[in-house]
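Residue numbers (our numbering), protein chains in the order written: chain A, 1 to 401; chain B, 1 to 401.
Incorrect hints may appear among the rest.
[As the list claims (entries may be wrong)] Here are the simulated lysine to any residue pairs, SDA-like style, with alpha carbons at most 25 Å apart:
(1) B:K53 with B:S356
(2) A:K365 with B:S376
(3) A:K357 with B:I36
(4) A:K53 with B:A41
(5) A:K365 with B:L342
(6) B:K84 with A:Y85
(7) A:K398 with B:S356
(8) B:K310 with A:G363
Since the hints were made in silico from the structure, they are not lab data.
There are 2 protein chains.
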Amino acid sequence: MIDFPDLNEIVSSTPSKIVMLVIDGLGGLPHPDTGISELEAANIPNLNALARKSACGLTTPVLPGIAPGSGPGHLGLFGYDPVKYLIGRGVLEALGIGVELGEKDIAIRGNFCTLDQEGRISDRRAGRLSSDEAIPLCNELNSINIPGVEISVYPVKDYRLALVLRGEGLTDQVSETDPGRLGLPPVECHELGEYGRKTAEVVNTFLVETRKILGNHPKANTVLLRGFSSLPDLPSMADRYCLNPAAIAAYPMYRGLASLVGMRVIDTGTEFSQELETLGDNFADHDFFYIHYKPADAAGEDGDFSAKVKALETLDGYLPELMALSPDVLIVAGDHATPSILASHSWHPVPFLINSKLTVGEGIKAFNEKDCAMGSIGQISATHLMLLALANGDKLTKFGP
Amino acid sequence: MIDFPDLNEIVSSTPSKIVMLVIDGLGGLPHPDTGISELEAANIPNLNALARKSACGLTTPVLPGIAPGSGPGHLGLFGYDPVKYLIGRGVLEALGIGVELGEKDIAIRGNFCTLDQEGRISDRRAGRLSSDEAIPLCNELNSINIPGVEISVYPVKDYRLALVLRGEGLTDQVSETDPGRLGLPPVECHELGEYGRKTAEVVNTFLVETRKILGNHPKANTVLLRGFSSLPDLPSMADRYCLNPAAIAAYPMYRGLASLVGMRVIDTGTEFSQELETLGDNFADHDFFYIHYKPADAAGEDGDFSAKVKALETLDGYLPELMALSPDVLIVAGDHATPSILASHSWHPVPFLINSKLTVGEGIKAFNEKDCAMGSIGQISATHLMLLALANGDKLTKFGP
Numbered sequence: 001m002i003d004f005p006d007l008n009e010i011v012s013s014t015p016s017k018i019v020m021l022v023i024d025g026l027g028g029l030p031h032p033d034t035g036i037s038e039l040e041a042a043n044i045p046n047l048n049a050l051a052r053k054s055a056c057g058l059t060t061p062v063l064p065g066i067a068p069g070s071g072p073g074h075l076g077l078f079g080y081d082p083v084k085y086l087i088g089r090g091v092l093e094a095l096g097i098g099v100e101l102g103e104k105d106i107a108i109r110g111n112f113c114t115l116d117q118e119g120r121i122s123d124r125r126a127g128r129l130s131s132d133e134a135i136p137l138c139n140e141l142n143s144i145n146i147p148g149v150e151i152s153v154y155p156v157k158d159y160r161l162a163l164v165l166r167g168e169g170l171t172d173q174v175s176e177t178d179p180g181r182l183g184l185p186p187v188e189c190h191e192l193g194e195y196g197r198k199t200a201e202v203v204n205t206f207l208v209e210t211r212k213i214l215g216n217h218p219k220a221n222t223v224l225l226r227g228f229s230s231l232p233d234l235p236s237m238a239d240r241y242c243l244n245p246a247a248i249a250a251y252p253m254y255r256g257l258a259s260l261v262g263m264r265v266i267d268t269g270t271e272f273s274q275e276l277e278t279l280g281d282n283f284a285d286h287d288f289f290y291i292h293y294k295p296a297d298a299a300g301e302d303g304d305f306s307a308k309v310k311a312l313e314t315l316d317g318y319l320p321e322l323m324a325l326s327p328d329v330l331i332v333a334g335d336h337a338t339p340s341i342l343a344s345h346s347w348h349p350v351p352f353l354i355n356s357k358l359t360v361g362e363g364i365k366a367f368n369e370k371d372c373a374m375g376s377i378g379q380i381s382a383t384h385l386m387l388l389a390l391a392n393g394d395k396l397t398k399f400g401p
Numbered sequence: 001m002i003d004f005p006d007l008n009e010i011v012s013s014t015p016s017k018i019v020m021l022v023i024d025g026l027g028g029l030p031h032p033d034t035g036i037s038e039l040e041a042a043n044i045p046n047l048n049a050l051a052r053k054s055a056c057g058l059t060t061p062v063l064p065g066i067a068p069g070s071g072p073g074h075l076g077l078f079g080y081d082p083v084k085y086l087i088g089r090g091v092l093e094a095l096g097i098g099v100e101l102g103e104k105d106i107a108i109r110g111n112f113c114t115l116d117q118e119g120r121i122s123d124r125r126a127g128r129l130s131s132d133e134a135i136p137l138c139n140e141l142n143s144i145n146i147p148g149v150e151i152s153v154y155p156v157k158d159y160r161l162a163l164v165l166r167g168e169g170l171t172d173q174v175s176e177t178d179p180g181r182l183g184l185p186p187v188e189c190h191e192l193g194e195y196g197r198k199t200a201e202v203v204n205t206f207l208v209e210t211r212k213i214l215g216n217h218p219k220a221n222t223v224l225l226r227g228f229s230s231l232p233d234l235p236s237m238a239d240r241y242c243l244n245p246a247a248i249a250a251y252p253m254y255r256g257l258a259s260l261v262g263m264r265v266i267d268t269g270t271e272f273s274q275e276l277e278t279l280g281d282n283f284a285d286h287d288f289f290y291i292h293y294k295p296a297d298a299a300g301e302d303g304d305f306s307a308k309v310k311a312l313e314t315l316d317g318y319l320p321e322l323m324a325l326s327p328d329v330l331i332v333a334g335d336h337a338t339p340s341i342l343a344s345h346s347w348h349p350v351p352f353l354i355n356s357k358l359t360v361g362e363g364i365k366a367f368n369e370k371d372c373a374m375g376s377i378g379q380i381s382a383t384h385l386m387l388l389a390l391a392n393g394d395k396l397t398k399f400g401p
């Protein structure tokens, strides 16, 4: 958690409502042809007007140079040191589809793939197997029976699945079976450290049974397993911040992440417009809302500068609807930068704004990387954003005499 | 202490003299009508000229969002992590009036108050009892005798007093007797945790005796007790920095704070002009001086924008006298922001400047929040300011081979 052990002495519940809008992959970099970033190129009058009456700055998601995944990126925004609190990919995948994991369960990311006749991987995504094709296969794999272990296979999306192992003496300290590229056979699972033997045997037995069941399928004749992990022990946002927090996110992984830090995850649709509707419907019931906007990251990852500009403009168009709810504190932030010119997550500081009755215009003219760098809050660790949220929500008293 | 354990290997005493001028509550926020802060509105030609030939930046007193009291704010400036080193309010109050506290003494803040005929608090400040009225009452309370405990009652100012308990087996882990508002009776003192019973009994006996003595006083018929605390174990600035440090502050609490970190506290008057005189008179005898200017904070706390502007202008007028002493290193900093528009301490970063023969103009045009944000030092933790002071004073050698 944030490095401030005395928080419990100065934080209290107040009626104010905080909304943290996370624009996934918000930050960008200037396009070499124009010298301006996606945010600068976008026509975002609502965000710019909001920035003019807000306190602005830049967050460093982890450390300079460290490009975070969505897990660490979000944990930081929620005030959890992402270097200390690590969440396995298997756990994220399972939580994201609503699997309730027990303390000792081992969650694993899987995907159907195609092996050629020599047993080498010829298609890592089994011809982009559809969900319709994958669901019955997952049901078949669910019938695999290994004594002493409860095995559950869940379809995730398309060719992706989650495998959960439950039983005594299991550990996530075993190796992945995905060799990482085409033309190689899957790798046997083996223990990492001294406690993994039983788990490795279970995994290898599961894979043998899987091949028996899928053997004749034209595309999906085995699965690759990665991201072995178990639940991390995360303090609850509710306890730590005296909040009653809720999460609204269309994508499974972000819902999983939010449930892990103790937010109530509210059912919503697949579009941001539906997320906003959900926010409005539940606005009376919580004092903290995390709401997630994905398309900016997706466009950035595709390396599509103008699609990212458009995704930001679309979000800007939704802002008045969000502001009509009149949250006492509105934060617009990003979990990391996804500059289109890099077509990937990056380490660059990410613009943010905080708007509340305590913020006034500070000379910032627009919401982008360059202007926010001159904001009154300066460049801070993402893990400190929640402190600012609480302070702006009148939920913190003075520290010390 | 600052997070640099090897400081002792690179620090040494040199003839250079450092002056750290702390303008209490220095930082501000733009007035909504004008968009400019107190520092920007003030006519402060001397500070601005000094900033133009200094290295500038912003300090974060504790963490973003955390508004510190004067204690943590000053500890940070002296290089002590304010999250790690906590000072109780009773200790600060007692030290501020020159009480020499022993290691095991329990210091308590008290104030005279008025109880109505039903024993409920009708005036928390006993009609703002004057010092002239309070001093004889404190003397009477000093006669209270409880076996095994030495009891000392000291007048502080007006209706405020300090109570010090000395004896074996005492602890500060007991509850306060102030219920915090009118219309309620004082609360009995009880132990917090398992070791407080004796102390609670002593405190409750003291209060019974106090009522017997004060019972018929028209205004001050009892006292409320808060801030039970004992001396924290702080390393000495002298040892840590190889300095011979001195403090010049008109207000008791800041003198107490300085003595706690091992500064010699020099007697001075109640006005800043007298503090400057004291500085001049003692300039030959020390190599580090902390000098405190209070009025900016007081005006900010009152929410009086123009009074804070005037307080800054008054300080600016004194600057030439300070600079005439030609300190080798002159730091102008603040313990925290006290924006007039918030009428309270705040968490916002605070402007600072460091002037020495090693600093040159860096394009900063004025001493205020926006310009200092673009200074060469950037935004730093307040706890690192002393390192910059030592470095500019030629007191640090290279770290590592």
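With a cut-off of 25 Å on the C-alpha distance, tell me whether A:K53 and B:A41 pass.
At roughly 19 Å apart (the allowed maximum being 25 Å), B:A41 and A:K53 satisfy the hint.
Holds or violated: are the alpha carbons of A:K365 and B:L342 at most 25 Å from each other?
Roughly 23 Å separates the two Cα atoms, so the pair holds.
A:K357 and B:I36 were given as a pair; does the straight-line alpha-carbon distance stay at or below 25 Å?
This hinted pair holds, its Cα atoms lying about 17 Å apart.
Pair hint A:K398 and B:S356, alpha-carbon separation not exceeding 25 Å:
violated, 34 Å
Given the proposed pairing of B:K310 with A:G363, does the C-alpha separation stay at or below 25 Å?
The hint holds at about 23 Å.
Distance restraint between B:K84 and A:Y85, which requires alpha-carbon spacing of 25 Å or less
Holds, because 22 Å separates the two Cα atoms, which is no more than 25 Å.
Take a quick look at whether A:K365 and B:S376 sit within 25 Å of each other, Cα to Cα.
holds, 23 Å
Pair hint B:K53 and B:S356, alpha-carbon separation not exceeding 25 Å:
Judged against 25 Å, a Cα distance of about 9 Å means the pair holds.
When each numbered hint is compared with the structure, a violation occurs for hint 7 only.
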